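Protein chains: 2
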Amino acid sequence: MRNTIEEEILLNVRPADKERREVQEMGQKLIDAVIRIAGVPAMMTGSVARGTWVRGDKDIDIFMLFPKTLSREELQEKGLAAAYAVVEMFKGSSEEKYAEHPYLNAVIEGFDVDLVPCYHIDSTAEMQCAVDRTPFHTRYLLDRIGGLRDDVLLLKQFTKGGGVYGSDHMTGGFSGYLCELLILAYGGFTELLQAASTFRYGEVIDIERFYPDKKTVRKLFSEPLIVIDPTDKTRNVAAALTPTRFSEFVELARDYCTKPDQCYFIPDAPTSISKEEFRSVLETRGTTMLALSFKTPAYVPDTVVPQLRKTMESIRNQLETEDFPVHRAEVMMGTDNCLIIFELLVADLPKITLRNGPPVWVHDNADRFVEKYLIGNPFAGPWISEDRYYTEVDRRYPHAYDLLADQQKILSGSIGKHVRISMEEGYSIRKNEEIWSPEFTFFLSAYFAKSSHAVRKLRIIDQK
Amino acid sequence: MRNTIEEEILLNVRPADKERREVQEMGQKLIDAVIRIAGVPAMMTGSVARGTWVRGDKDIDIFMLFPKTLSREELQEKGLAAAYAVVEMFKGSSEEKYAEHPYLNAVIEGFDVDLVPCYHIDSTAEMQCAVDRTPFHTRYLLDRIGGLRDDVLLLKQFTKGGGVYGSDHMTGGFSGYLCELLILAYGGFTELLQAASTFRYGEVIDIERFYPDKKTVRKLFSEPLIVIDPTDKTRNVAAALTPTRFSEFVELARDYCTKPDQCYFIPDAPTSISKEEFRSVLETRGTTMLALSFKTPAYVPDTVVPQLRKTMESIRNQLETEDFPVHRAEVMMGTDNCLIIFELLVADLPKITLRNGPPVWVHDNADRFVEKYLIGNPFAGPWISEDRYYTEVDRRYPHAYDLLADQQKILSGSIGKHVRISMEEGYSIRKNEEIWSPEFTFFLSAYFAKSSHAVRKLRIIDQK
Chain A
1 MRNTIEEEIL LNVRPADKER REVQEMGQKL IDAVIRIAGV PAMMTGSVAR GTWVRGDKDI
61 DIFMLFPKTL SREELQEKGL AAAYAVVEMF KGSSEEKYAE HPYLNAVIEG FDVDLVPCYH
121 IDSTAEMQCA VDRTPFHTRY LLDRIGGLRD DVLLLKQFTK GGGVYGSDHM TGGFSGYLCE
181 LLILAYGGFT ELLQAASTFR YGEVIDIERF YPDKKTVRKL FSEPLIVIDP TDKTRNVAAA
241 LTPTRFSEFV ELARDYCTKP DQCYFIPDAP TSISKEEFRS VLETRGTTML ALSFKTPAYV
301 PDTVVPQLRK TMESIRNQLE TEDFPVHRAE VMMGTDNCLI IFELLVADLP KITLRNGPPV
361 WVHDNADRFV EKYLIGNPFA GPWISEDRYY TEVDRRYPHA YDLLADQQKI LSGSIGKHVR
421 ISMEEGYSIR KNEEIWSPEF TFFLSAYFAK SSHAVRKLRI IDQK
Chain B
1001 MRNTIEEEIL LNVRPADKER REVQEMGQKL IDAVIRIAGV PAMMTGSVAR GTWVRGDKDI
1061 DIFMLFPKTL SREELQEKGL AAAYAVVEMF KGSSEEKYAE HPYLNAVIEG FDVDLVPCYH
1121 IDSTAEMQCA VDRTPFHTRY LLDRIGGLRD DVLLLKQFTK GGGVYGSDHM TGGFSGYLCE
1181 LLILAYGGFT ELLQAASTFR YGEVIDIERF YPDKKTVRKL FSEPLIVIDP TDKTRNVAAA
1241 LTPTRFSEFV ELARDYCTKP DQCYFIPDAP TSISKEEFRS VLETRGTTML ALSFKTPAYV
1301 PDTVVPQLRK TMESIRNQLE TEDFPVHRAE VMMGTDNCLI IFELLVADLP KITLRNGPPV
1361 WVHDNADRFV EKYLIGNPFA GPWISEDRYY TEVDRRYPHA YDLLADQQKI LSGSIGKHVR
1421 ISMEEGYSIR KNEEIWSPEF TFFLSAYFAK SSHAVRKLRI IDQK
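Which chain is which? The protein sequence lines are A and B, in order. Heads up, the first sequence is in this note's numbering, so the first residue is 1 and it goes up one at a time. Heads up, the second sequence is in this note's numbering, so the first residue is 1001 and it goes up one at a time.
Just so you know, the hints here were simulated from the structure itself, not pulled from any lab data. Any given hint could turn out to be false.
[What the hints assert, rightly or not] Rough simulated footprint, nothing fancy, chain A against chain B, three-plus residues with beta-carbon under 8 Å:
#	segment
1	1005–1017
2	1163–1170
3	1370–1379
4	1443–1456
Here the structure is a predicted model, which is why all the values come from computation and not from measurement. Cβ coordinates follow ideal geometry from the N, Cα and C atoms, glycine included.
If we strip away everything but chain A, and leave its shape as in the complex, we get:
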């Protein structure tokens, strides 16, 4: 039973007949062109092929199915050549891109078209590359998704509205294929959301019943949501879904089932923060914000953002090892600059610190430790406590700023490759309102904001 809210959403997200027709025609023309030019079969894949795309998201994926007798190099060569010829034929423009092997991203007659070479195989067991699996997804769903297309659209829009759609590393959310399988597994949008309301970590969905029970599956996969790919039983379709996005989805589903509302289908409009507001918020919080700022590496967010996060964790550890408690930390990838932000409870410490020495039984080390710290050290120690020597010494970094500015120390940590190259060219440290710049007004606003799914929960609380 679809409610009026959902009916209304569908009116907005269901592709118009004209859009469907145009996409189908364009797809067929491209398939014909591949057959003519390369002499191999081709097929449309993705949501457009399955009729499950949200209005406007009409990217066309054309997979060119080459014989499996070709070597990898031959496949790439012939594949790209055919793709270029197709684009040429339609007088489109194009750009080479890389997944596991290269493909062509083109604009043809106003459509965004991917032309992807892959092997024409009979089963996923013969797969040589992840893209070889894609045609199987489309074949599998085309046979089954027919009556459930509206439900898929609702789920896609629901996950978009809740900020959990997109299987890229930045989002760590739901892919389109995952949405389709979930709808298929539960038989509809309402049924899925009701089930999801009580999901917990280690949820198992095995549509084709490849495995005897959930326990067996949980021994093979450790992700919070495990959806066995019906075309490849060794793969969890939800592997890229992060624990946080999974939990958020569960809460969104539970809250929507309690009190359905249009707002769950509408993504938050980004808010921005002015420099004056930023300064004032920091003053209210009483914390010290320090940020490393450097040029954004020339790679996609899916590559750079995980490296920024890794770098952030490395520096967070360095800060906490040096007794600077980090309240929160965040990374922000702007077009020109990246920020790694640390909000500190304490940015300045006394110059004194404790140092642990060796056990008294390790005689040479004990003597060296006493010798080193007894003379010329303005503080107390060394002394023995239980089985070890301890002493007071001068603290190496009384100011967090100086630790962050110590390039050698910071770069000795675990830092992603491209971020390292950029940081080695130089980074600056910004403090409090110096961090603000027009490039980051949305990021910084989001950092201080209430989370949107929690705000939506307020509606439910109010009705009590």
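Based on the hints, put chain B in the right spot on chain A.
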């Protein structure tokens, strides 16, 4: 082979013939008096009985051996009555004291005399009370310690010089009986110190070979030094020796063997600190010192100091739970007042803090958490991270001072009985130089001082 340093020390610590004679005569008079008054045998115990006392430490212990047919109440009654009569007879003055049962501490003809009633038993297996064991110690040592008295005196003076003599709770060091057994076990002062240089945790000394091997002993006792009582195989004579005092003794022994010196036999003269010096030292350290000050409970240090330490640990945990990092902490028991001191790296924090919420699966708690912190909270959150809700909230104690001043909170912790009674009557919080008072000039000076055994080590380092 005794060196000249040791010979010189012995000239100072060996009791003079006159002292020996006077003590022996006084002891015999007291024993005769007990026999006459109570009709039970009596004996001298302790170092005076065994001729192992350091010059001037001539406390006389007289144990009155009552028949084991008496009840505990009868023993106490008859014992105290006899003791009072003995004191009366010598026109001494006295004061009742309590170990496991009461005894009389008297001053008789200028001697400090303890008159202790106990059961006259044939073996320690019949023991009803710890004091019943004491006569066995004296009998055991009298038969064996004869040729080693000078070695015992050297060890006692060495442990006094190093600050590790005394089995009271405040010191946690070596008892006189332990010193005697160690000398007996190794056959001399030099032999013991050479062995002790390489002592490690779990050292076993079983003079009477009650146990087949050290492994068996280590299964029964967990202390760093295990000296099986030759008169009672279930008891570790070194049970009161703390790990720290044990380690310090090992270092003192090792250093003395490397380069013998008179200084190892001479206790540090206490130093004091003026208010101005105290202020200046704190300024150099850059820390904030806060202390709880209250009236000293009317009990001995052996009772009060462990309670102060327990209270200190309880409050230290409360401070660290509230994000105030404690650099060092200390307790000081003055005649009139006690101090529990916390030296903080940070005494003031921003008013913001993170709070962990419930897992999202616990639906009722999750809803309550969001409801509570979404409205009227000036900071960000609640948000989800992995499987839990989190939020920012107002910090309860932005200032460590306010936490310490919250009497209800502080007294909710784990606090020793007598200390609690005193604190409930009221305590004040002192900050930095307010902590200084003439009562604590020695304590506070020691807090900032180099440890004496480390300073002694300097002599060895210098000769390298």
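What hint numbers does the structure not satisfy?
The structure breaks hints 1 and 2; every other hint is satisfied.
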